[in-house]
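Q: Heads up: the sequence lines are chains V and H, in that order. The first sequence begins at 1 in our numbering and counts up by one. The second sequence begins at 1 in our numbering and counts up by one.
Possibly wrong hints are sitting among the right ones.
BS3-like, lysine-lysine: derived pairs with alpha carbons at most 25 Å apart [unchecked claim]:
no., chain 1, residue 1, chain 2, residue 2
1, V, 121, H, 163
2, V, 57, H, 122
3, V, 125, H, 163
4, V, 57, H, 124
Keep in mind the hints are simulated off the structure, nothing from the lab. Keep in mind the model is a prediction, meaning the values are calculated, not measured.
Each chain is listed here by its residues.
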Amino acid sequence: MMSARIGLGSATRRVAFAPVIGRNQTVLRTLIPKRGVQIQSLPPSASEEILNAQRLKRPSSPHFTIYQPQLTWLGSIANRVTGGALSALLYGFSLAYLVAPDTFDSAHIVEFVAGLPDYVKYTGKVILAAPFTFHFWNGLRHLSWDMGKFLSLKGAYRAGYAALGATAISTVALVLM
Amino acid sequence: MASSVILRSTLPRTFTSATGRNSLRFALQVRAASSTTQYVPGGPILKGTVNDPTEFPPPSRTHGSYHWAFERLLAASLVPMTAAAFVTSGSSYPVFDGLLGLSLVMHSHIGFDSMVVDYVHKRKFPVLGPILTWTLRSATVGVLVGVYQFNTNDIGLTELIAKVWTA
Chain V
1 MMSARIGLGS ATRRVAFAPV IGRNQTVLRT LIPKRGVQIQ SLPPSASEEI LNAQRLKRPS
61 SPHFTIYQPQ LTWLGSIANR VTGGALSALL YGFSLAYLVA PDTFDSAHIV EFVAGLPDYV
121 KYTGKVILAA PFTFHFWNGL RHLSWDMGKF LSLKGAYRAG YAALGATAIS TVALVLM
Chain H
1 MASSVILRST LPRTFTSATG RNSLRFALQV RAASSTTQYV PGGPILKGTV NDPTEFPPPS
61 RTHGSYHWAF ERLLAASLVP MTAAAFVTSG SSYPVFDGLL GLSLVMHSHI GFDSMVVDYV
121 HKRKFPVLGP ILTWTLRSAT VGVLVGVYQF NTNDIGLTEL IAKVWTA
């Protein structure tokens, strides 16, 4: 207040507020690091590697196990499993016959099966007949879907129960054959 | 030092903004050069950046509608063939037995192939996927030869099943 009145105001203010070190920019830069972050120069192609590294760290969202087991999707995967198992048997036998026709000829196989005890025979028949009949009936269900039939939820369940019932009946019939 | 940094940061910008097409080509070349990422256990590596659209396979009826229709026709034709196999004997109709064997192998091959495509696709398994595809193909050829041998030199598939079932 006083200084302003006697005319010294501007000079003192200039001295007080002017940044002393700031006058020399090079000195300032060497004294105080401008940022705490190191900058690394990367080519544009490096961005994809960084992106892929991030992609690998992403968590997998819950799937498959969070769904309630339902006839709709259980029937579908069972169709694939049973078909795959039967096909594996066909492939296994055919390749075995191709490699060793004297070991896997019909006479030897029939002789081997005939020598098995009855409970093994019946168990084996169930193990073979159940997937076959299920794949057969559920395959018809899939073909009917492809023709545009039973596509509603009710229709899918009806056809599913029908396929299961037919599987049970024809499995028993085949085992008793 | 400082001037060279400024030059380096502004040069590409002026270069690319001069011709838009050049900048596009530049980006494409960079992407093509760096999109050779391989699968690492833990997840699929997608091609390109987040701004790149998904690549679709070229449309082909052989892999699409024709394949689909053939699959269904094959599956449907197995129904009367299975029924016929129950009532007739494979030995008295060897051509029918061979046709049934061939159809079953084709049906199985398509089934296995769709499993490989679904679960071990080469997009996610660049090494294992093609190996399994070609293993399946060679196995199918071997199976076809095996079924042919069995049907010509032995009693045939239908007869074998019938005999084993009542053994």
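Q: For every hint, state whether the structure bears it out.
A: Hint check results:
With a C-alpha separation of about 13 Å, the suggested pair residue 121 (chain V) and residue 163 (chain H) falls inside the 25 Å cut-off, and the hint holds. Taking the CA atoms of residue 57 (chain V) and residue 122 (chain H), the gap is about 21 Å. The hint holds against a cut of 25 Å. At roughly 13 Å between alpha-carbon atoms, residue 125 (chain V) and residue 163 (chain H) fall within 25 Å of each other, so this suggested pair holds. Between residue 57 (chain V) and residue 124 (chain H), the direct Cα distance comes to roughly 16 Å. Compliance with the 25 Å bound is thereby established for this hinted pair.
The structure is consistent with each of the numbered hints, conforming to all of them.
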